[in-house]
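*Asks:* Single-letter residue listing:
Number of protein chains: 4
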Amino acid sequence: MTGNSFGTLFKITTCGESHGGAVGVIVDGCPSGIAISEQDIQIELDRRKPGQSSITSPRHESDSVHLLSGIFEGKTTGTPILLLAYNTDMRPEEYETLKNIYRPSHADFTYQMKYGRRDVYGSGRASARETLARVAAGAIAKKFLNQSLNIEIISYVEQVGELRAQIDHTTVTPVSIESNSIRCPDLDIANQMIRLIETIKNEGDSIGGVIKCVIRNVMPGLGEPVFDKLSADLGKAMLSINAVKGFEIGSGFSGVHLRGSQHNDAMAIKNGQPIFTTNHAGGTLGGISTGEDIYFRVAFKPVSTIRKQQKTINLQNEEVILEAEGRHDPCVLPRAVPIVDAMAALVIMDHYLRHQARQRV
Amino acid sequence: MTGNSFGTLFKITTCGESHGGAVGVIVDGCPSGIAISEQDIQIELDRRKPGQSSITSPRHESDSVHLLSGIFEGKTTGTPILLLAYNTDMRPEEYETLKNIYRPSHADFTYQMKYGRRDVYGSGRASARETLARVAAGAIAKKFLNQSLNIEIISYVEQVGELRAQIDHTTVTPVSIESNSIRCPDLDIANQMIRLIETIKNEGDSIGGVIKCVIRNVMPGLGEPVFDKLSADLGKAMLSINAVKGFEIGSGFSGVHLRGSQHNDAMAIKNGQPIFTTNHAGGTLGGISTGEDIYFRVAFKPVSTIRKQQKTINLQNEEVILEAEGRHDPCVLPRAVPIVDAMAALVIMDHYLRHQARQRV
Amino acid sequence: MTGNSFGTLFKITTCGESHGGAVGVIVDGCPSGIAISEQDIQIELDRRKPGQSSITSPRHESDSVHLLSGIFEGKTTGTPILLLAYNTDMRPEEYETLKNIYRPSHADFTYQMKYGRRDVYGSGRASARETLARVAAGAIAKKFLNQSLNIEIISYVEQVGELRAQIDHTTVTPVSIESNSIRCPDLDIANQMIRLIETIKNEGDSIGGVIKCVIRNVMPGLGEPVFDKLSADLGKAMLSINAVKGFEIGSGFSGVHLRGSQHNDAMAIKNGQPIFTTNHAGGTLGGISTGEDIYFRVAFKPVSTIRKQQKTINLQNEEVILEAEGRHDPCVLPRAVPIVDAMAALVIMDHYLRHQARQRV
Amino acid sequence: MTGNSFGTLFKITTCGESHGGAVGVIVDGCPSGIAISEQDIQIELDRRKPGQSSITSPRHESDSVHLLSGIFEGKTTGTPILLLAYNTDMRPEEYETLKNIYRPSHADFTYQMKYGRRDVYGSGRASARETLARVAAGAIAKKFLNQSLNIEIISYVEQVGELRAQIDHTTVTPVSIESNSIRCPDLDIANQMIRLIETIKNEGDSIGGVIKCVIRNVMPGLGEPVFDKLSADLGKAMLSINAVKGFEIGSGFSGVHLRGSQHNDAMAIKNGQPIFTTNHAGGTLGGISTGEDIYFRVAFKPVSTIRKQQKTINLQNEEVILEAEGRHDPCVLPRAVPIVDAMAALVIMDHYLRHQARQRV
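Protein chains in written order, with numbering that gives the first Met the number 0: chain A, 0 to 360; chain B, 0 to 360; chain C, 0 to 360; chain D, 0 to 360.
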């Protein structure tokens with residue numbers, strides 16, 4: 000109700016500001032008996048943390064996760080799991096000059112309008128640091144789905160600016176994604192992307208792109224009809240990530256160019272089992288999983304923080320010129336890959352539990 | 000939890016199948032004292048109903064709404080409002096041959112997988128007839144927003160197949176949308192779209208398109224941070240509509256081609272008030288409304304029901320050829336316009352109440 | 000959020016006023032494949048309806064239920080079930096003199112304060128007629144629990160005014176409850192209760208009492224820890240019924256008189272299985288079912304509507320004398336028995352689904 | 000959904016076990032601009048903490064609260080507030096002998112049945128230590144209600160075993176409650192209660208009692224009709240507290256002995272304003288606040304942990320004799336007073352926000 004929780008039966012509630020005491024999350028609704036360690040979670044956090052490479056923010060957070068409840072003898076007990084990462088490399092002084100200014104395309108103005116006040120350091124709650132909590136919680140879901148149900152979630156950078164990789168998503172592996180700092184499995188395009196980002200970084204500017212996600216081995220039947228379609232919940236999950244401006248599943252916007260006779264996915268029998276001969280649907284029909292790969296694309300706008308001069312206003316309603324400092328990413332894409340993974344895992348996990356609830360005895 | 004409710008403080012719960020007794024909705028959480036009549040709702044339902052024109056399904060439902068609770072002396076009492084439309088023009092015999100078949104790109108297979116059984120007539124709950132309930136409920140929200148808060152919600156068809164209108168959304172009026180049967184305010188393109196759909200209808204095929212929606216005069220501050228961003232909730236609302244495969248807000252997927260310095264919306268002072276000099280954001284920052292127009296695009300796939308022969312399978316896992324009968328739309332777009340309006344109204348209404356809850360005394 | 004829904008995974012949303020078009024309920028979350036007929040529901044409604052006997056209100060509602068969605072070929076499909084009873088015997092003229100008056104101990108004053116207006120006929124939404132929807136929805140849960148899980152829910156009148164039956168709840172049968180019009184399985188006390196109510200009715204007065212409920216064969220493990228304890232959810236369910244002022248489970252208020260060494264329920268092994276040698280707990284520990292009988296008591300205040308003269312005020316803030324007319328129950332207890340059954344069934348059903356959701360694969 | 004959250008618009012989610020890393024709570028939905036310090040919360044925690052007096056458990060937790068998010072420059076920002084108390088005085092060795100045993104009237108057996116495993120130290124999540132999080136969160140609500148709305152919440156011990164104080168709840172002050180270690184404002188009875196508890200403690204036994212709570216200055220109109228009646232939500236809140244077995248509001252169970260003509264609260268005009276001449280209702284009608292004092296009673300069973308020998312079973316289904324060690328309270332009542340306060344504050348706060356959401360513009 001207050002926007003800081005996600006999910007229904009596998010429910011997370013997050014908290015924490017960029018420059019407060021900690022960023023945290025309570026994961027509630029995890030089945031008991033799942034082996035979970037801090038290391039399982041740290042692996043995913045390390046993919047999200049700043050300072051990984053030449054194309055990410057140099058902020059030096061270790062983002063060490065602390066697992067403070069819900070685990071007994073290394074396994075979940077079914078009670079809520081508290082995960083915390085304390086903030087360490089805070090530099091509030093970097094924000095002193097920004098206290099009185101609404102940075103363009105940041106949430107400064109809207110938070111001020113909504114709440115009448117705001118935490119001025121490092122974007123407060125609107126900081127991308129908030130996504131740390133998503134990745135931590137998603138790591139639990141991702142592990143459960145993979146180990147108990149063999150469900151695989153694979154996200155990668157498909158496009159940066161005009162550079163779009165032509166990749167068959169059915170062939171992508173986790174190793175190929177992690178083979179380079181931009182997390183694009185096509186190494187040639189990846190290198191072009193990295194150079195482009197470095198150039199833009201030097202210009203004090205920023206750039207956006209597209210992340211593609213594919214989810215494999217989801218059983219048919221997940222997703223609730225009408226409002227909580229699996230596709231709608233995936234869409235909401237992705238659109239809730241900072242900087243996301245678009246979501247398309249299956250054929251998406253390009254499906255508009257096809258006729259029904261081209262777009263419909265024919266069914267056939269293979270080895271005695273129903274199959275779909277194509278997958279324009281992207282793995283859901285009527286909002287419910289078909290058993291085929293679920294795949295979708297997520298558009299990220301260019302990062303709002305740039306070093307170039309910008310026109311804006313201050314809290315006294317005066318026009319001013321902003322020249323930003325601080326430690327920022329020229330392109331959010333490589334660090335957003337584990338966030339997309341995490342949100343996808345949270346949606347699938349939640350719908351798995353919802354589906355299971357109503358199975359007949 | 001079960002997928003048939005939408006919203007939190009302004010909450011709707013829908014029910015009803017294509018060929019059952021009725022399609023209905025309970026609207027819960029409406030403030031008291033709002034003048035609402037069956038006629039207010041019927042106006043919107045008439046925009047959605049079949050048989051409006053040469054390019055919509057010939058099913059002859061009057062879709063007359065019945066207002067059965069929650070109103071006293073013409074105004075809301077604050078108690079739940081029940082709206083019903085009884086099903087009248089049902090032809091279950093048209094579906095006898097389909098009982099045993101999974102129609103391609105319909106929800107037949109997934110409902111069967113999820114529930115172990117399904118209502119075989121007219122797609123049951125997965126029928127687009129379900130959206131009647133959304134439009135009825137949305138009509139109440141739309142009226143409240145317009146009359147109490149001066150908020151205007153304007154949806155129109157922007158694209159059908161390859162035909163894309165170039166329309167400045169700030170200039171579109173309700174009258175221009177209703178001036179033609181495809182609901183595209185550019186009359187020239189509208190006529191091309193209508194001819195295209197008629198051709199496709201004659202071929203026994205179908206076609207998709209894009210609806211654009213603009214919401215005007217939303218006060219700054221609506222939307223909850225993190226997961227329930229206004230943009231995320233609008234995205235979920237749209238992606239929950241049958242046949243929707245994509246959603247983008249503001250610059251959307253094309254924002255990927257801009258640098259941060261191009262994409263950021265500068266702020267300035269005009270007549271003593273903060274304004275944004277551009278609106279690539281699409282009216283939200285950090286998921287909270289800025290006060291600028293909220294605008295987004297919604298992609299609809301081509302209608303799944305076509306008369307052309309298709310390969311599929313039956314419940315006995317045998318491959319079969321399907322030749323569909325029944326009464327269907329070659330293009331869902333014109334009837335989907337009031338659905339997009341309705342879902343947008345429900346999201347804004349809900350967030351308005353959520354915002355109001357936490358205002359200081 | 001708006002108070003007209005109950006449950007989470009087995010969720011009902013009710014609507015309807017005493018003198019509006021209909022009273023209804025959408026039951027959402029029912030597993031598919033359950034045989035449900037209007038007759039299954041009518042049986043329970045007939046136990047609640049007015050005019051059953053000399054000690055109930057003479058209002059002549061048939062309370063015929065209409066099942067308008069969610070059923071296909073006699074069984075649930077997993078989609079929402081709409082149940083409606085149209086209002087027929089409405090006499091708004093009986094309320095003309097009450098329009099301007101706050102009846103003592105009714106919700107007239109509080110609805111007016113909350114909403115600024117209210118439906119003045121027959122208490123509007125605050126009418127006990129609202130409970131019809133609960134009983135209809137509960138009938139589905141009750142049937143499922145009984146037929147699929149062998150869970151039995153048994154409520155009966157234990158006390159009317161000072162008359163309290165001494166009944167071993169483990170021995171009570173549905174037949175013994177239905178053997179008399181007050182629904183007390185001790186026939187001797189039942190007859191005394193009936194005579195007492197008739198006397199009070201003749202005096203134009205009213206009387207309260209206590210309903211006891213026992214739930215048998217609940218598997219261990221239902222109930223969520225901390226806030227959604229099974230005992231807490233049962234308490235809320237009962238306290239949400241009109242006129243209920245108290246709830247106690249197991250030893251309840253009288254448990255205060257015992258020492259821990261007397262109150263603790265020892266465990267032992269019987270036929271190789273864990274048993275409890277006593278059941279002061281009332282079937283839950285830590286809010287989770289033990290497998291023993293769940294039993295609790297519910298206190299109902301005397302009906303607020305009486306024929307005797309009463310002092311009150313009108314909407315112009317003038318003191319007035321009220322002499323009520325209308326058709327009312329001198330004692331709500333016999334008609335409340337199926338309501339207690341229904342609410343208990345809804346709670347158990349919901350917790351059963353919640354428990355099932357997180358069972359390990 | 001998972002039982003670890005409470006409230007809707009003012010929502011808390013708690014976590015933590017008796018012997019884990021920490022007990023914590025995220026408070027979500029607090030309006031912005033409220034001055035909150037760790038000290039405000041510590042005051043309430045100190046009333047709940049062990050080791051306060053001769054009649055409470057000697058566990059030596061400082062229960063120091065840490066405020067880790069949601070506050071900026073001493074005031075709330077509208078974002079989630081994380082409160083943590085780290086566990087320090089843990090003695091897992093005290094529980095080594097209990098690992099294999101189901102302690103009578105504890106949740107050991109039911110957690111094992113529900114989850115298949117459990118945290119064996121100090122009752123894990125079922126520990127009364129969980130209530131620390133409730134008190135911490137409630138302190139924020141209590142302060143807001145008191146300072147912004149002048150609402151006063153007053154709980155005190157009315158009864159221990161057979162010793163029942165006759166106290167006019169309208170006269171009780173916070174100072175009189177805190178004047179003695181049992182928190183009963185009648186000093187004479189308080190002393191008798193303390194002596195009784197000391198005797199029982201020496202016997203290795205335990206005892207229960209009743210806490211009464213009165214809430215003053217609640218505006219008329221709080222509470223949602225039908226299921227989320229204010230009375231029902233208060234009941235659920237109280238019944239969710241460990242060891243609570245009964246709840247009654249207003250006349251409660253004793254109201255059964257009155258006729259309607261005696262029980263109905265007449266209305267009159269005083270100083271031009273509507274008043275009630277009696278308050279058998281306990282401050283709500285139809286589940287909505289009347290403006291009169293809200294008052295209710297809460298029954299606590301005797302503490303389950305006693306030193307006396309008890310018969311029970313172990314995990315191997317063998318009958319055993321238990322002789323408990325550990326540090327425990329002979330009577331939970333004095334430490335439960337701030338818990339009742341906290342839960343009452345959370346309910347009123349939540350309903351205040353819910354009411355405010357739908358106020359007309």
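Heads up, some of the hints might be wrong.
Pairs count within a copy or across copies, as identical chains cannot be separated in the list.
Stated by the list, open to error - Within a straight-line C-alpha distance of at most 30 Å, the following computed DSSO-like cross-link-like pairs (lysine-lysine) qualify:
{"#": "1", "residue 1": "310", "residue 2": "142"}
{"#": "2", "residue 1": "307", "residue 2": "269"}
{"#": "3", "residue 1": "74", "residue 2": "200"}
{"#": "4", "residue 1": "142", "residue 2": "98"}
Simulated from the structure, these hints should not be mistaken for lab results.
*Asks:* Work down the list of hints and note, for each, if the structure agrees.
*Replies:* Hints, one by one, checked against the model:
Neither within a single protomer nor between protomers do residue 310 and residue 142 lie at most 30 Å apart by alpha-carbon distance, with minima of 46 Å and 38 Å respectively. For a Cα distance limit of 30 Å, the shortest separation of residue 307 from residue 269 across copies, 24 Å, qualifies, whereas the shortest one inside one copy, 58 Å, does not. Taking the shortest Cα distances, residue 74 and residue 200 never come within 30 Å of each other, neither inside one copy (44 Å) nor across copies (37 Å). For a Cα distance limit of 30 Å, the shortest separation of residue 142 from residue 98 across copies, 29 Å, qualifies, whereas the shortest one inside one copy, 41 Å, does not.
Comparing the model with each earlier hint shows violations of hints 1, 3; every other hint is respected.
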